[in-house]
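Given these sequences and hints, build the entire structure.
Those letters in the sequence shown? Residues 15 to 153, by my numbering.
I should point out that these hints are in silico values taken from the structure, not numbers from a laboratory. Not one of these hints is a red herring.
Here are the computed lysine to any residue pairs in the SDA-like style, where the Cα-Cα straight-line distance is at most 20 Å:
#, residue 1, residue 2
1, Lys88, Pro63
2, Lys88, Arg59
3, Lys49, Glu100
4, Lys49, Thr23
5, Lys81, Gly120
6, Lys88, Asn58
7, Lys17, Glu130
8, Lys81, Leu52
9, Lys17, Gly120
10, Lys17, Arg139
11, Lys81, Met109
12, Lys49, Ala64
13, Lys49, Arg59
14, Lys88, Asn65
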Amino acid sequence: MGKVTTTITVTNRIDQILAERGFIPLEQVRSVTLKDVLVDTGANRLCLPANIINDLGLVLQGEVDVKIATRVQKLRIFREINLTVEGREGTYNCMELPDGADPLLGLLPLEDLGLEPDLQNQRLRVLPVEGKDTYLTVL
Numbered sequence: 015m016g017k018v019t020t021t022i023t024v025t026n027r028i029d030q031i032l033a034e035r036g037f038i039p040l041e042q043v044r045s046v047t048l049k050d051v052l053v054d055t056g057a058n059r060l061c062l063p064a065n066i067i068n069d070l071g072l073v074l075q076g077e078v079d080v081k082i083a084t085r086v087q088k089l090r091i092f093r094e095i096n097l098t099v100e101g102r103e104g105t106y107n108c109m110e111l112p113d114g115a116d117p118l119l120g121l122l123p124l125e126d127l128g129l130e131p132d133l134q135n136q137r138l139r140v141l142p143v144e145g146k147d148t149y150l151t152v153l
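Okay, structure coming up:
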């Protein structure tokens, strides 16, 4: 099996809104670009290490129980993060990993953004948003 990594940009959405409305200068919007982020379809959400969450100044939403390989563990969820991947953009919550852990791009943002891992070519495939082959459905 192949391993897929990608580059993502994560931005504090609250900062973006404040800048859009003129309350803070655009230069104060906290954002970071991360390279070689592992695409992990075994993870549900975007998962970021605590040091990046702290740098972005994200707002704590709460704690949840999460299944990991060996047990169930409590993880904190943070809200209002803007995620940009392969030219697609959305707003999500993220789970906190320990400081220095590798970030993970999970299944929910991948599906929402119309991205799927291409294991053979070790890259993300961008699915069409228009025409009869669009990945978007309403059933």
